[in-house]
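Protein chains in written order, with the numbering used here: chain A, 1 to 222; chain B, 1 to 248.
Honestly, the hints are just simulated from the structure, not real lab data. You may find that some hints are simply not true.
Unchecked claim - To give a feel for the contact side, a few chain A residues facing chain B, derived at Cβ under 7 Å:
| hint | residue |
| --- | --- |
| 1 | Met87 |
| 2 | Gly155 |
| 3 | Leu156 |
| 4 | Pro169 |
| 5 | Pro173 |
| 6 | Ile219 |
Every residue gets a Cβ at the ideal spot worked out from N, C-alpha and C, and that includes glycine.
These are the residues of each chain, in order.
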Amino acid sequence: MHKMLWALFNRDMTLFMQRKQDVVTVLGFFLIAVALFPLGISSDPDLLRTIAPGAIWIAALFSTVLALDRLFSEDLDDGTLEQQMLMPVPISLMLLVRLVAHWVITSLPIVLLAPLMGLQFGLAFNEIAILTLSLLIGTPILVLLGAIGAALTVGLKSSGGLVTLLLLPLYVPVLILGTSAVSSTMNGVDVTAHFSLLGAALIVSLVLSPFAVATALKITLD
Amino acid sequence: MSGIRRIPWMKYASASNFYPLANLLVPIFMSLALVLAAIGLHLGFFVAPIDYQQGNSYRIMFIHVPAAWMSMFIYLLLAMYAVISLVWRVKMADIMAYSLAPTGAMFTFIALLTGALWGRPTWGTYWIWDARLTSELLLLFLYLGYMGLYSAIPDRQRASRAASFLAIVGAVNVPIIYFSVIWWNTLHQGSSFSVSSGASMTDAMLYSLLLMVFACWAYTIAVVLRRAQAIILERKKVALWASQISKK
Chain A
1 MHKMLWALFN RDMTLFMQRK QDVVTVLGFF LIAVALFPLG ISSDPDLLRT
51 IAPGAIWIAA LFSTVLALDR LFSEDLDDGT LEQQMLMPVP ISLMLLVRLV
101 AHWVITSLPI VLLAPLMGLQ FGLAFNEIAI LTLSLLIGTP ILVLLGAIGA
151 ALTVGLKSSG GLVTLLLLPL YVPVLILGTS AVSSTMNGVD VTAHFSLLGA
201 ALIVSLVLSP FAVATALKIT LD
Chain B
1 MSGIRRIPWM KYASASNFYP LANLLVPIFM SLALVLAAIG LHLGFFVAPI
51 DYQQGNSYRI MFIHVPAAWM SMFIYLLLAM YAVISLVWRV KMADIMAYSL
101 APTGAMFTFI ALLTGALWGR PTWGTYWIWD ARLTSELLLL FLYLGYMGLY
151 SAIPDRQRAS RAASFLAIVG AVNVPIIYFS VIWWNTLHQG SSFSVSSGAS
201 MTDAMLYSLL LMVFACWAYT IAVVLRRAQA IILERKKVAL WASQISKK
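Work the whole structure out from these sequences, hints included.
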């Protein structure tokens with residue numbers, strides 16, 4: 001079973017890598033969305049520092065939703081998804097592998113670029129470290145939760161706007177935890193609690209979300 | 001067990017049995033809602049004394065509080081029907097869940113609107129990012145998401161199951177969202193207002209509030225049953241009994 005899962009991981013990684021255009025689009029979206037905040041609000045350094053955590057987190061959140069569009073759609077179109085559901089591997093494990101690959105391709109670059117964005121907004125180095133760490137723990141949760149929405153809407157016409165509406169309320173707790181970790185660091189408040197809660201959320205969603213996504217996909221393919 | 005089984009719980013899960021029952025209940029609950037609301041509003045607007053701090057503006061509470069309660073109860077009820085529809089595949093449960101959603105969204109909107117109108121004279125602003133207001137707003141998005149997903153999927157079977165599943169995921173998340181919003185609110189401490197008023201209520205206020213709550217329940221039952229009837233007729237066009245009703 002390990003071999004099969006590893007083969008699945010390799011397949012997903014290869015396919016995601018082949019669609020470089022998608023990855024570039026998501027990253028480009030993230031960069032331009034962050035860059036629009038100073039243009040739309042003000043170039044005042046103090047103000048920018050205040051809005052930095054929220055701006056970067058919200059841009060990361062929308063980039064995640066944007067990337068989710070491609071999570072299942074192509075495999076659904078050519079019938080691969082239905083075949084994969086019949087494999088002698090638990091569907092939830094198969095999906096977990098897919099989600100890990102998806103996170104590595106679409107979210108990890110965002111996490112790695114976040115320090116640069118932090119510099120643009122004039123954050124200090126420890127604040128940048130907290131920002132990056134919060135994104136590193138937070139974006140997998142966004143992908144895991146988002147996959148439920150993607151599974152429910154895959155194959156629908158104009159599902160983009162709908163999936164945003166479905167997911168954003170569910171993303172609120174993650175957004176609050178992530179941004180307040182950074183702003184608490186700015187105010188010199190201890191952020192152990194933030195990271196404990198973020199970590200707990202990651203563990204719970206790692207355990208529960210693959211089953212929820214599997215249920216949602218079964219509903220879709222029924 | 002056999003004693004329990006004799007209660008015909010499932011009888012009205014059949015559309016052909018549900019329809020005449022709803023026909024019977026809708027006028028009763030609708031008139032009940034009108035009478036209760038008339039008395040409740042009269043008590044609230046004319047009998048209840050003026051509040052020495054808030055003046056007359058507190059009277060909007062008689063609409064706001066029942067609406068806010070209903071918005072939350074209805075979401076819970078919707079999620080319960082969603083569970084029944086997903087697990088036991090009871091079609092009537094799905095119709096009930098779908099019929100509840102617009103009314104729930106309406107009450108959420110009324111709660112937000114009246115809250116804003118009350119906030120203006122009381123707090124000096126229409127909107128503050130208070131924990132309750134923010135989570136009520138997110139509840140509105142949950143309702144809209146449910147209805148949006150339901151209507152976006154052309155296949156009815158899939159639409160019903162997908163939307164039910166979403167409602168359940170949403171219901172699991174509601175407490176998490178609520179507590180995270182409270183936490184966010186205490187972290188920022190942007191406002192020193194407290195939404196909960198510790199003021200004690202006179203009898204007239206209490207009765208008016210209770211009457212309005214019952215009026216909202218009766219209204220919800222009547223409207224939801226009527227909407228369910230309309231959905232049944234739409235879906236069971238081919239069934240003889242339904243086509244006979246439609247022709248009348």
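Now the hints, each set against the structure:
Proximity of A/Met87 to chain B is violated relative to the hint, the smallest CB-CB distance being about 23 Å (cut-off 7 Å). This hint is violated: A/Gly155 has a C-beta 9 Å from the nearest C-beta of chain B, more than the 7 Å allowed. For the restraint placing A/Leu156 at the interface with chain B, the shortest Cβ-Cβ distance is roughly 5 Å, inside the 7 Å limit, so the hint holds. Because the beta carbon of A/Pro169 sits about 5 Å from the nearest beta carbon in chain B, less than 7 Å, this interface hint is met.
Of the supplied interface hints, the one on A/Pro173 holds, with its beta-carbon coming within about 4 Å of a beta-carbon of chain B, less than 7 Å. Because the closest C-beta pair between A/Ile219 and chain B is about 4 Å apart, less than 7 Å, the hint holds.
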